Amino acid sequence: EAGVTQFPSHSVIEKGQTVTLRCDPISGHDNLYWYRRVMGKEIKFLLHFVKESKQDESGMPNNRFLAERTGGTYSTLKVQPAELEDSGVYFCASSHRDAATNEKLFFGSGTQLSVL
Amino acid sequence: GNSVTQMEGPVTLSEEAFLTINCTYTATGYPSLFWYVQYPGEGLQLLLKATKADDKGSNKGFEATYRKETTSFHLEKGSVQVSDSAVYFCALSDHGTDKLIFGTGTRLQVFP
Chain A
1 EAGVTQFPSH
11 SVIEKGQTVT
21 LRCDPISGHD
31 NLYWYRRVMG
41 KEIKFLLHFV
51 KESKQDESGM
61 PNNRFLAERT
71 GGTYSTLKVQ
81 PAELEDSGVY
91 FCASSHRDAA
101 TNEKLFFGSG
111 TQLSVL
Chain B
117 GNSVTQMEGP
127 VTLSEEAFLT
137 INCTYTATGY
147 PSLFWYVQYP
157 GEGLQLLLKA
167 TKADDKGSNK
177 GFEATYRKET
187 TSFHLEKGSV
197 QVSDSAVYFC
207 ALSDHGTDKL
217 IFGTGTRLQV
227 FP
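Chains as they are written, first to last, in my numbering: chain A, 1 to 116; chain B, 117 to 228.
Hints in this document: simulated from the structure, not taken from any laboratory. Small disclaimer: the values here were computed from a predicted structure and weren't measured. Any given hint might turn out to be false.
Unchecked claim - Below, a list of computed lysine-lysine pairs in the DSS-like style, where the Cα atoms sit at most 27 angstroms apart:
1) A/K51 / A/K15
2) B/K215 / B/K176
3) A/K54 / A/K78
4) A/K54 / A/K41
5) A/K15 / A/K41
6) B/K168 / A/K104
7) A/K78 / A/K51
8) B/K184 / B/K168
9) A/K44 / B/K215
10) A/K41 / B/K184
11) A/K104 / B/K176
12) B/K184 / A/K104
13) A/K104 / B/K193
14) B/K184 / A/K44
15) A/K104 / B/K215
16) A/K54 / A/K44
17) B/K193 / A/K51
To be verified - Listing some non-contacts, in silico: residues in chain B with all C-beta distances to chain A over 10 angstroms:
18) L129
19) E132
20) L135
21) T136
22) N138
23) A143
24) G159
25) Q161
26) K172
27) K184
28) G194
29) L216
30) T220
Each residue gets a CB set at the ideal place from its N, CA and C atoms; glycine is no exception.
My request is simple: use the sequences and hints to build the entire structure.
Here you go:
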């Protein structure tokens with residue numbers, strides 16, 4: 001069974017440009033999460049999808065970030081325009097709808113975003 | 117609000133040394149506690165967890181005990197191996213939510 005896949009693994013862009021990160025969850029997983037780790041700091045929750053619906057987007061830092069999950073399969077996270085402070089590692093995770101206590105939460109290997 | 121504090125790294129040890137990575141938390145209610153590990157080039161993996169006070173989570177020789185009186189969940193291993201080199205994250209989640217709150221991560225480097 002394929003794991004959670006994230007693309008690209010690395011992205012280097014200039015301030016003001018647009019970047020789109022993609023996450024392919026494990027097939028059949030209704031829950032999809034985005035997290036972010038800014039250099040040297042804690043991993044922070046960004047948002048949670050259940051299928052195509054945003055269940056909780058309280059962690060999204062501002063309106064430069066747009067997450068979508070059309071059709072309830074893969075998800076994209078777009079940053080437009082990117083700022084220097086957006087640099088970090090963006091993690092995606094997925095789980096079955098009935099997963100409890102995060103035991104069956106699977107993470108991707110992350111996208112390292114560098115904004116210059 | 118809820119938060120997790122863990123010791124800064126890197127932690128550098130020789131093979132077969134004893135490991136402790138400290139983790140304390142602040143939370144309302146009774147959270148579940150976790151240790152995640154990220155090996156080089158890989159995603160986060162759940163290492164162990166505990167869901168209530170005095171529970172001990174264990175896996176791959178690692179263990180951590182949920183201490184409500186000291187609000188701690190320290191990670192320990194009696195004899196580390198080079199293959200344990202990774203970044204370790206302490207985390208909590210509130211009952212009834214899916215959100216994880218992570219600490220800053222601690223890099224462990226084990227040398228032969």
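Hint by hint, here is what the structure shows:
Straight-line distance between C-alpha atoms of A/K51 and A/K15 comes to about 32 angstroms, which puts the hinted pair past the 27 angstroms bound. With a CA separation close to 25 angstroms, the supplied pair B/K215 and B/K176 stays within the 27 angstroms bound. Of the supplied pair hints, the one linking A/K54 and A/K78 holds, its CA atoms being roughly 15 angstroms apart against a limit of 27 angstroms. Distance check on the hinted pair: A/K54 and A/K41 sit about 25 angstroms apart at the alpha-carbon level, within 27 angstroms; holds.
Taking the CA atoms of A/K15 and A/K41, the gap is about 21 angstroms. The hint holds against a cut of 27 angstroms. Using a Cα cut-off of 27 angstroms, the hinted pair B/K168 and A/K104 holds, with the two alpha carbons roughly 18 angstroms apart. Between A/K78 and A/K51 the CA atoms are separated by roughly 18 angstroms; this keeps the pair inside 27 angstroms, and the hint holds. Of the supplied pair hints, the one linking B/K184 and B/K168 holds, its CA atoms being roughly 9 angstroms apart against a limit of 27 angstroms.
Taking the CA atoms of A/K44 and B/K215, the gap is near 9 angstroms; set against the 27 angstroms cutoff, the hint holds. For the suggested pair A/K41 and B/K184, the alpha carbons sit about 25 angstroms apart, so the restraint of at most 27 angstroms is met. With a C-alpha separation of about 18 angstroms, the suggested pairing of A/K104 with B/K176 holds against the 27 angstroms cut-off. This hinted pair checks out: B/K184 and A/K104 have alpha carbons roughly 25 angstroms apart, not beyond 27 angstroms.
Taking the CA atoms of A/K104 and B/K193, the gap is near 24 angstroms; set against the 27 angstroms cutoff, the hint holds. For the hint pairing B/K184 with A/K44, the CA-to-CA distance comes to about 24 angstroms; that is within 27 angstroms, so the pair holds. The suggested pairing of A/K104 with B/K215 holds, with an alpha-carbon distance near 13 angstroms, which does not exceed 27 angstroms. Under the criterion of a C-alpha separation no larger than 27 angstroms, the hint pairing A/K54 with A/K44 is consistent with the structure, at around 17 angstroms.
Annotation: proposed proximity of B/K193 to A/K51 is violated, straight-line Cα distance about 39 angstroms (limit 27 angstroms). B/L129, annotated as away from the interface, keeps every beta carbon of chain A farther than 10 angstroms; the closest lies near 21 angstroms. No Cβ of chain A approaches the Cβ of B/E132 within 10 angstroms, the least distance being about 29 angstroms, so the stated non-interface status holds. In this structure B/L135 is separated from chain A by more than 10 angstroms, as the shortest Cβ-Cβ distance comes to about 21 angstroms.
Remark: the non-interface label on B/T136 is consistent with the geometry, its nearest Cβ contact in chain A lying 20 angstroms away (cut-off 10 angstroms). The claim that B/N138 is not at the interface with chain A holds, since no C-beta of that chain comes within 10 angstroms of its own (minimum 15 angstroms). At roughly 14 angstroms from the closest C-beta of chain A, the C-beta of B/A143 stays outside 10 angstroms, upholding its exclusion from the interface. For B/G159, the shortest C-beta to C-beta distance to chain A comes to about 4 angstroms, within the 10 angstroms cut-off, and the non-interface label is violated.
A Cβ of chain A approaches the Cβ of B/Q161 within 10 angstroms, the least distance being about 7 angstroms, so the stated non-interface status is violated. The claim that B/K172 is not at the interface with chain A holds, since no C-beta of that chain comes within 10 angstroms of its own (minimum 16 angstroms). B/K184, annotated as away from the interface, keeps every beta carbon of chain A farther than 10 angstroms; the closest lies near 17 angstroms. Here B/G194 stays apart from chain A, with its beta-carbon at least about 25 angstroms from theirs, past the 10 angstroms limit.
Its closest Cβ contact with chain A, about 6 angstroms, brings B/L216 to no more than 10 angstroms, contrary to its assignment away from the interface. With a cut of 10 angstroms on Cβ distances, B/T220 falls inside the contact zone with chain A, its closest approach being about 5 angstroms.
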